[in-house]
Amino acid sequence: MNKILQTRRQLLQTIAFTGIAGVAIGKFPGIAYAADGATLKIQFERELDSLDPGYFVGGSPPCDVNWALMPALVHYGRDGGWIPSPHVESIVARDATHIDFTLRKGMMWTNGFGEVTTEDVAYSYDREAVSEWKGDYVAYDHVEIKDKYSGTIVLNQPFAPFMNTTLASGTGIIICKKAVEAAGGKFTTEQPASCGPYLISEHRPGQVLKLRSNPEWNGAKPAYENIDCLFVTESSAAALAYEAGELDIAKVSADTYARYLKDIPANSSLTVAGALQYMWMGMNTDHPKLKDIRVRQAIQHAVDASAVVQGAYSGTAEQSYGVVCPGLTGRRDKAGYSYDPTKAKALLKEAGVSGLKLTLRTLNNQERMLTAQIIQANLAAIGITVEIIPLDGGPFWDMGQEKKGDTWKELELWIMRYSSGPDPYEPFQWFVRGQVGIWNWERWSSDEFEDLFAKGVAETDTGKREAIYTRMQEIMDETGAYVYLTHEPEVFIHKSSLSPHFSPTAEMIVGAFKEA
Amino acid sequence: MKIQKKKTKPSLPDIILPEKLVLFLRNPMGVLGLTLVLLIIISAVFAPLFATHNPFTMDIANRLAGPSFDNFLGTDQLGRDTYTRVLYGGRVALQVAAIGVSVSLVVGLTLGMIAGYGPLWLDNMLLLLFDAIRSFPTIVLALAAVALLGPSLSLVMTIVIITSIPGYARLARTSTLSIKNTEFILAEQSLGASMKRVLAIHIMPNVIGPLLILAAMDVPVVVTIEAGLSFLGLGVQPPTASWGTILNEGYLIIRTTPWIVIAGGIPLILTTLGFTFLGESLRDVFDPRLRKGK
Amino acid sequence: MWSYLLKRILLSVLIVFLAILALFITLHSIPGDPISIALGPRATPEIQAEYAARMHLDKPLYHQFVIFIGNVIKGDLGNDLFSNRSVLLILSEQLPYTIVLAITAIGWSALIGIPLGCLSAVKPNSLLDKITGIVSVGTIAIPSFLVSIWAILIFSVGLKWLPVIGAGEPGDFGDQIYHLILPAFAVGLGWVGYLARMVRASMLEVMSENYIRSANAFGLKSRTIIFRYALKVAILPTITLIGVGFGALLSGTVFAEIIFSRPGIGKIIYNMVLARNFPVIQGAVLITIGMYVIVTLIADLIVSWLDPRVRDTL
Chain S
0 MNKILQTRRQ LLQTIAFTGI AGVAIGKFPG IAYAADGATL KIQFERELDS LDPGYFVGGS
60 PPCDVNWALM PALVHYGRDG GWIPSPHVES IVARDATHID FTLRKGMMWT NGFGEVTTED
120 VAYSYDREAV SEWKGDYVAY DHVEIKDKYS GTIVLNQPFA PFMNTTLASG TGIIICKKAV
180 EAAGGKFTTE QPASCGPYLI SEHRPGQVLK LRSNPEWNGA KPAYENIDCL FVTESSAAAL
240 AYEAGELDIA KVSADTYARY LKDIPANSSL TVAGALQYMW MGMNTDHPKL KDIRVRQAIQ
300 HAVDASAVVQ GAYSGTAEQS YGVVCPGLTG RRDKAGYSYD PTKAKALLKE AGVSGLKLTL
360 RTLNNQERML TAQIIQANLA AIGITVEIIP LDGGPFWDMG QEKKGDTWKE LELWIMRYSS
420 GPDPYEPFQW FVRGQVGIWN WERWSSDEFE DLFAKGVAET DTGKREAIYT RMQEIMDETG
480 AYVYLTHEPE VFIHKSSLSP HFSPTAEMIV GAFKEA
Chain V
0 MKIQKKKTKP SLPDIILPEK LVLFLRNPMG VLGLTLVLLI IISAVFAPLF ATHNPFTMDI
60 ANRLAGPSFD NFLGTDQLGR DTYTRVLYGG RVALQVAAIG VSVSLVVGLT LGMIAGYGPL
120 WLDNMLLLLF DAIRSFPTIV LALAAVALLG PSLSLVMTIV IITSIPGYAR LARTSTLSIK
180 NTEFILAEQS LGASMKRVLA IHIMPNVIGP LLILAAMDVP VVVTIEAGLS FLGLGVQPPT
240 ASWGTILNEG YLIIRTTPWI VIAGGIPLIL TTLGFTFLGE SLRDVFDPRL RKGK
Chain G
0 MWSYLLKRIL LSVLIVFLAI LALFITLHSI PGDPISIALG PRATPEIQAE YAARMHLDKP
60 LYHQFVIFIG NVIKGDLGND LFSNRSVLLI LSEQLPYTIV LAITAIGWSA LIGIPLGCLS
120 AVKPNSLLDK ITGIVSVGTI AIPSFLVSIW AILIFSVGLK WLPVIGAGEP GDFGDQIYHL
180 ILPAFAVGLG WVGYLARMVR ASMLEVMSEN YIRSANAFGL KSRTIIFRYA LKVAILPTIT
240 LIGVGFGALL SGTVFAEIIF SRPGIGKIIY NMVLARNFPV IQGAVLITIG MYVIVTLIAD
300 LIVSWLDPRV RDTL
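Protein chains in written order, with numbering that gives the first Met the number 0: chain S, 0 to 515; chain V, 0 to 293; chain G, 0 to 313.
If we strip away everything but chain S, and leave its shape as in the complex, we get:
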């Protein structure tokens, strides 16, 4: 807080004191906070419901908090990819199905639960494999315990993303076997025992979660002694709070991003996290209204993705032509279809369809809602009436999953975004046959696609890979079930003195935040 602010606050306090005799005096501003430079104030967009990696809702804030609090084998590196975490001495993928690791000695759990051992690792992952997040652990078989600190993770099939997508992600953290069992096997807003650079010093639900540096942590000390995580759900409120000096980092909407690009606040920088994301509109190929491929193709030709980039994203997102992101092998510069409303109308006529009504489900934030309205207008222009159904995070991510209710049957159109890692095979893993009803909500499959996927993972020659991934994207076009929209970025504004670090899905890895 700057000097002027402190003086005014003290003035207000004085007025309050003299006006109300005998009321208990609050602390003076200078004492209420830790030394100014060492307390970082960050924003969480959602409430913290549960820290349990088997049962949480996922994303930020539970992942952010867990990475600061709990041990893991692998962390996301700053340049993409993964790095061994500060909790391990070594971790090596011996072959396609075996990962050897050795934990550092002497890492102590809080609350007197002893050292972090291989048993904890085995317990954590065995537990994940039967929890709500078992989808991430499909390839996991078990952990072979060699001794107290070392073991081997055994996979039941080759699954290269295990290091990146699984072990480094929120579901890869290690929890304390003794503590969790003592707590009854499940927990919510409090970790029964933690071991990491930070501890939770205070959690006021709906207001703030305070992290402070763990005095017993025997690894490298983090750059920031205290981190106050303020829960601010409105993105405009967050931007305003940042500009008023109450936050050191805030996520901004596309429109604010465009504004900041032209005129950035003093001493601030913009960081684009999660650039490796791809957003598209999906169609349920099993739904009776969308079973005819001509109808789907008509929809493909009717949507103007460049309008989405301009209208919904203020020109700040790159247009997408496939699931492979910019900068990666196999990225295309055009899709297999183009914006052609005349052709769209012709296709509909050919299919003998008129007066079609469809539902379009989307996440309930500003950019997605604007995108939905643009699509709605585009489809209205070819005679399809669209009803927009906005959903909040929870129901949205459950929509197409067979295990989470019946919505997957009623799904017609929806706007979706997945994120990928730096290797181009990564986006395709969600559209294979085995993912139908899990993350392949379009519910299609193709033998050629399966074949090419296996080849792509094993292939090393860049030229050949490019051909493989281009062909795979063509197959996806041909299903007619995809309309590629943008590569939606997550943008953060922060003080120039802060160098933040993010996961590929734009969660904050606060333990790795540094001074710039």
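Warning: the hint list may mix true and false statements.
Covered by chain V, per the in silico footprint, the following chain S stretches (three or more residues, Cβ under 8 Å) [what the hints assert, rightly or not]:
1) 336-343
2) 370-382
Which chain V residues face chain G? A few, computed with CB under 7 Å, are given here [to be verified]:
3) Pro27
4) Val105
5) Asp130
6) Ile138
7) Val139
8) Leu142
9) Ala143
10) Ala146
11) Tyr250
12) Gly264
13) Ile268
Read the hints as simulated data drawn from the structure, not as lab findings. From the three backbone atoms N, C-alpha and C, an ideal C-beta is built for every residue, glycine too.
Add chains V and G to chain S, keeping to what the hints say.
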């Protein structure tokens, strides 16, 4: 001594227009209120005539433009003309107000008359019901209903209607109670008129006055509730324009351009002012007892 | 006095009971499986099973209602779907903030509005009266969420005088007041006008009464007349208005809490609605109804204390 009676020549308005109307027109606030209300109603009903564009047509290249000859109030994020959307938003507001207020009025009037006129046990029971419903917090209920059944305008209106009824009912009841025992009612009853007839033909016209005034004052409340809920994203759904959704869109980009929030806010303010002035002037004119020492 | 008090309290209890009954009936008359309706689409099978057992859904409806009421009285409003904390606990953490905001908002608006109304009534049609009139209607007309937005822009971002978000550190009284200023201003602004007009209207009516004229004729000082006689009578409808208008006040706090990111009942309802966290929503509705009834009760009791004539009306 002869007492001279001063003969006043009747002025022109007194001849042509009824007395109450003259009284009303003499009150500048009332005239202002009436003008505003008429302005809003006409602009909403004849929106297509006054509109310069189609409210749904997007013109992405021209997004977030400031006011100009083409777009009187500028354009929004998708290039839609704000002025046109405001006009059409008036339709939503008026629809909500008209349906909401009239249904509450009719139901409240009926229940209130029954409570006032009927037997004591019925009166007490109805009073209890009114008080119970009156303690329902409208916005909170609306939020809960949206959670259950998804956002929809009709849901919002239903809740608004239900929570408004007790207000009208109590007013109707009080008025009914005060004329229940007057002579002409007793006369009707002795002539054998049924309860329905007494209520509908004799009591109702005398009771409805204050209710209409309450209705006029209620319209801005109802419109503001709809705007508030749409502002939270829980009322009218896109792409329909309502003043609340315009305000919501404008709030999210308020640093980029203030015009949209202004455009969405001003009609709300004018509606509130107009109906409030109108209602108060009507009250001053029709019910001198309520007139406060002017 | 005491019999009125007793009767009034009994009436309030009855009203709360009826409200809960209405809520219960509504929940059960919505088509669909009552468990999904009560818990929403986000409940896991285990939570659903636990709920079914706890609410004895196999028993007849009236038995279920008795259990429901019993739970409410015991304070068991269910558990949050995700964090499994008791709903009562969650709401009781948030409730004080809303109450503080509401009281502060009404407090400052009454402190300014009532004297303004008085002054206008004492000098009707003067310049002060006309200005007050315009200002009153002006402030009523602007919705509170608009006021909040403009207030933030001017005072927080523009002038950097006041904070944008949060309620301040607990225990740091000065900080809490600092964070309370803008939201209370935004919520209370409309009430200034409303109260001023109400007080003015009642005062004018009272002041035209015969006994006031007599007091004047007797030579009592204006100030005595106003404060000891007129105001006491004129304030009564205003108190009732505040009690009944508590609902509108609550809506104002909902918006202020959302826009200023303050904790409170309004904000938590809004977040829970988005997250489809039904048990909390239901508990919040119940608590809000309870608050209403209590506030109207207090208002009525104050009025009956000041005006004995009211005590016979029950």
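Hint check results:
Check result for the region 336-343 of chain S against chain V: violated, 0 residues qualifying (beta carbon to beta carbon below 8 Å, three or more required). Counting residues of the region 370-382 of chain S whose CB lies closer than 8 Å to any CB of chain V gives 6, which reaches the minimum of 3, so the coverage claim holds. Of the supplied interface hints, the one on V/Pro27 is violated, with its beta-carbon coming no nearer than about 11 Å to a beta-carbon of chain G, more than 7 Å. With 7 Å as the threshold, the beta carbon of V/Val105 stays out of range of chain G, its nearest partner Cβ sitting at about 21 Å, so the hint is violated.
Annotation: V/Asp130 was flagged as interfacial toward chain G, and the flag holds, the nearest CB pair being 5 Å apart, inside 7 Å. This hint holds: V/Ile138 has a C-beta 4 Å from the nearest C-beta of chain G, less than the 7 Å allowed. The beta carbon of V/Val139 comes within 5 Å of a beta carbon in chain G, closer than 7 Å, and the hint placing it at the interface holds. The closest approach between the C-beta of V/Leu142 and any C-beta of chain G is roughly 5 Å, which is under the 7 Å cut-off, so the hint is satisfied.
The interface hint given for V/Ala143 is met, as the beta carbon of that residue sits about 5 Å from the closest beta carbon of chain G, less than 7 Å. Hint status for V/Ala146: holds, given a least beta-carbon distance of 4 Å to chain G, under 7 Å. With its C-beta approaching chain G no nearer than about 6 Å, V/Tyr250 sits inside the 7 Å limit, and its interface hint holds. For V/Gly264, the suggested interface contact is upheld, since its CB lies about 5 Å from the closest CB of chain G, less than 7 Å.
With a cut of 7 Å, the hint placing V/Ile268 at the interface with chain G holds, because the nearest CB-to-CB distance is about 5 Å.
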